[in-house]
Every structure is written in C-alpha cells, then in structure tokens.
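J.: Sequence:
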Amino acid sequence: MSQVVDHLAELTGFRDRDVMDVTLVMALRDLLEPESVAIYRTAGEPGQERWLTRAHLRAGDAVASADPLWAKPETLPLVASHPLRLEAMRSRSVTQVAQGGQWLYLFPIATDRDVVGVIEILSTKRLGTGSQRLVSSVLRIYHNFQGLLDYSERDTLTGLLNRKTFDESFLKVLSEIPARPAALHEADDRRHDSSTPHYVLGVIDIDHFKSVNDRFGHLIGDEVLLLLSRLMRGSFRFHDLLYRFGGEEFVVLMRCDEEAHAGEAFERLRVNTERYAFPQVGRITVSIGFTEVRAGDAPAAAFERADKAVYHAKAHGRNQVHNYAALVASGIIQEAAQHSDIELF
Numbered sequence: 001m002s003q004v005v006d007h008l009a010e011l012t013g014f015r016d017r018d019v020m021d022v023t024l025v026m027a028l029r030d031l032l033e034p035e036s037v038a039i040y041r042t043a044g045e046p047g048q049e050r051w052l053t054r055a056h057l058r059a060g061d062a063v064a065s066a067d068p069l070w071a072k073p074e075t076l077p078l079v080a081s082h083p084l085r086l087e088a089m090r091s092r093s094v095t096q097v098a099q100g101g102q103w104l105y106l107f108p109i110a111t112d113r114d115v116v117g118v119i120e121i122l123s124t125k126r127l128g129t130g131s132q133r134l135v136s137s138v139l140r141i142y143h144n145f146q147g148l149l150d151y152s153e154r155d156t157l158t159g160l161l162n163r164k165t166f167d168e169s170f171l172k173v174l175s176e177i178p179a180r181p182a183a184l185h186e187a188d189d190r191r192h193d194s195s196t197p198h199y200v201l202g203v204i205d206i207d208h209f210k211s212v213n214d215r216f217g218h219l220i221g222d223e224v225l226l227l228l229s230r231l232m233r234g235s236f237r238f239h240d241l242l243y244r245f246g247g248e249e250f251v252v253l254m255r256c257d258e259e260a261h262a263g264e265a266f267e268r269l270r271v272n273t274e275r276y277a278f279p280q281v282g283r284i285t286v287s288i289g290f291t292e293v294r295a296g297d298a299p300a301a302a303f304e305r306a307d308k309a310v311y312h313a314k315a316h317g318r319n320q321v322h323n324y325a326a327l328v329a330s331g332i333i334q335e336a337a338q339h340s341d342i343e344l345f
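Note that the UniProt record's numbering numbers the sequence shown so that position 44 is 44, with each residue one more than the last.
Hint data in this document are derived by calculation from the structure and do not stem from the laboratory.
Note that the structure is predicted; figures quoted are calculated from it, not measured.
Even glycine gets a Cβ: it sits at the ideal position worked out from N, Cα and C.
Please note: incorrect hints may appear among the correct ones.
Unchecked claim - Pairwise CB distance ranges, derived in the manner of DEER restraints:
#1 V281 - G147: 28 to 34 Å
#2 E74 - R230: 47 to 53 Å
#3 G101 - V63: 26 to 32 Å
#4 Y311 - I220: 24 to 30 Å
#5 L226 - G47: 19 to 25 Å
#6 S136 - P83: 34 to 40 Å
#7 V19 - T285: 38 to 44 Å
#8 A62 - Y311: 48 to 54 Å
#9 A98 - H143: 36 to 42 Å
#10 Q99 - T285: 30 to 36 Å
#11 W70 - D150: 19 to 25 Å
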C-alpha cells in the first residue's frame with residue numbers, strides 16, 4: 001500500500017503533462033511488473049487522426065521513449081492501424097486480449113469531454129480483478145488531476161490555453177534555441193538549418209469585434225470567440241500551442257522549419273475565418289502578425305514585435321497577415337531595440 005501511495009504522491013506532484021505521463025507509466029510498471037506500459041493519444045484532424053506515443057516503457061528500460069510533440073503527422077501511425085485501441089476508446093471499457101502467451105490490456109483515458117487515448121499494458125501473466133481495479137483507480141486520480149490542470153491552465157470559454165500559462169511555455173521554447181550572435185536576426189539564412197529548432201509567435205486580433213458586442217450583445221460575441229477558437233484548432237497542427245489572451249486577442253506559439261510555413265498557417269486561418277458564416281453576425285475577419293522567437297528573447301519583446309505587425313495590418317485595411325521581419329526588411333517599420341533581460345508578462 002505504501003508503494004501505491006508513494007507513486008500517487010509523485011504523480012500529482014507535477015504540473016508538466018509530459019512528466020506526468022512518464023511518471024504514470026513508471027508507476028504502473030513498478031506496481032504490475034509487466035513487459036511494457038505505454039500511453040497512446042489520438043492527434044490530428046477528424047478522419048486523419050494518428051497515434052502519438054506519449055510515453056513507452058519496457059521492463060528493462062531506464063527511461064521512457066516518446067514521439068516528439070512536433071512530429072510530422074504523416075510519420076505517425078493512423079488510428080485505424082490499431083483497432084484494439086480504437087475499440088477500447090469507443091467502448092470506454094477495459095479490453096484484454098491473449099497474444100502469443102502474453103496478455104494485452106487496454107484502458108481508455110478520458111477527459112471531461114471525450115476519450116483521448118489508451119494505456120496499453122503487455123504482461124506475461126493475466127492481471128487479476130484487483131490489479132485491473134488498481135489501474136482504473138490510478139487512472140481516475142490521473143484524470144481528476146488533469147481536470148484540475150485544465151481548470152487552471154485553460155480559458156473557460158474557448159478551451160484554449162490561457163495567458164498565465166504562456167510565459168512557462170515561452171521559456172521552454174527559449175531553452176531549445178541555441179544562442180546566436182546579436183548581429184544575426186530573423187533574416188539570417190542560418191534559420192533555415194533544419195537541425196536547429198525554430199519557433200514563431202503569432203498574434204491574432206478579431207477586426208471590429210467591439211461592434212459585434214455593441215450590435216449583437218455579449219452572448220453572440222462569446223459565440224464568435226468560441227467559433228474562432230474552433231477554426232484555430234482546424235487551421236493549426238495538433239502540437240501548436242493556442243492561447244486566448246483575453247477579449248478578442250489570441251496567440252499562437254508554433255515550431256516550424258521556415259517562416260514561410262508559419263505564414264502559410266496564419267494565412268490558412270485568415271482565409272478560413274473570412275469564409276466562415278458566423279451565425280447572426282455573418283462575415284468576420286482577423287488581422288495577424290507574427291515573428292520568429294529569438295535566442296535570449298523576452299516574452300514581452302517577442303509579443304511586441306508580433307503586435308507591431310498586427311497594428312500595421314489594422315492600419316492598412318485589416319484582414320491581413322504580416323511577418324514582422326519582412327516589414328523591417330522592407331523599411332516599413334523600424335526594428336525595435338531588443339530586451340536583454342527576460343521580462344515576463
């Protein structure tokens with residue numbers, strides 16, 4: 001019993017979801033001593049969902065393996081390639097199958113809204129009722145703690161990440177960007193080196209949103225915000241971080257190989273928004289600005305650059321996407337002095 005309590009204490013001691021998933025598979029391996037334990041989640045657009053390995057631990061492994069969050073979807077297996085996992089998710093019940101002298105167990109992982117993945121346990125011995133109940137109980141605690149994290153980290157209206165989680169994510173991004181000489185800015189050809197991670201921060205602002213609230217009321221305004229958040233999910237990849245900063249302002253933090261790829265993603269959102277028929281309101285447009293995240297950046301400095309590009313879009317007709325670096329290179333706006341110290345919002 002003390003071993004179970006220790007594992008539960010460790011599981012609920014983290015706020016980082018990646019660490020929580022690794023801790024969960026380690027706890028189940030220690031408690032059950034199976035051949036392997038893994039967490040698989042579904043990711044991607046409806047009809048094109050893939051399996052993302054969140055953590056996989058074999059009996060002799062010292063550390064868990066996982067798919068990188070920025071993995072290209074086409075490199076991941078389609079959900080249809082593992083029908084047993086799908087069946088466990090659809091039935092919302094434990095699935096057990098005998099496979100070549102071993103037993104495969106699949107436990108669905110649910111959120112308050114949906115079933116998002118499975119815990120897969122491969123064992124040489126059959127798990128008794130007590131062991132299965134233990135796994136289910138641990139998963140309930142895991143689910144409840146994930147729900148508490150969602151409550152504190154997500155915007156209650158849209159379900160997107162909220163502003164207070166942005167700084168922590170931004171600092172994680174900075175830790176992956178190697179330092180470069182100050183003279184090398186966003187236009188430097190070295191940014192195209194695929195071995196170096198590149199991140200882009202985008203700011204999205206709904207055009208004339210105040211008039212929506214004034215003409216139709218705040219309930220309709222909230223519906224516009226909710227629908228835009230859904231358009232954002234459909235326009236960006238599953239691993240891009242999407243935030244609502246408050247009011248009609250949204251932020252995207254994404255990893256990409258080329259600024260052109262980021263521009264294409266933001267343009268896709270602009271077009272999807274322009275073409276969408278918002279109930280009662282009709283046509284809504286967005287103005288978007290983005291910038292590459294630089295080594296040593298401050299969250300406020302990167303946000304300010306992207307926001308200047310948004311301001312340019314607003315001042316020149318709205319319903320546009322602008323790259324801060326391109327505006328500076330063309331002489332349309334002047335490069336702001338870069339902050340040398342980390343400044344949090």
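J.: Hint by hint, say whether it matches the structure.
T.: Each hint, compared with the structure:
{"no.": "1", "hint": "V281 - G147: 28 to 34 Å", "verdict": "holds (32 Å)"}
{"no.": "2", "hint": "E74 - R230: 47 to 53 Å", "verdict": "violated (24 Å)"}
{"no.": "3", "hint": "G101 - V63: 26 to 32 Å", "verdict": "holds (27 Å)"}
{"no.": "4", "hint": "Y311 - I220: 24 to 30 Å", "verdict": "holds (27 Å)"}
{"no.": "5", "hint": "L226 - G47: 19 to 25 Å", "verdict": "holds (22 Å)"}
{"no.": "6", "hint": "S136 - P83: 34 to 40 Å", "verdict": "violated (22 Å)"}
{"no.": "7", "hint": "V19 - T285: 38 to 44 Å", "verdict": "holds (40 Å)"}
{"no.": "8", "hint": "A62 - Y311: 48 to 54 Å", "verdict": "holds (51 Å)"}
{"no.": "9", "hint": "A98 - H143: 36 to 42 Å", "verdict": "violated (28 Å)"}
{"no.": "10", "hint": "Q99 - T285: 30 to 36 Å", "verdict": "violated (54 Å)"}
{"no.": "11", "hint": "W70 - D150: 19 to 25 Å", "verdict": "holds (22 Å)"}
Comparing the model with each numbered hint stated earlier shows that hints 2, 6, 9 and 10 do not hold.
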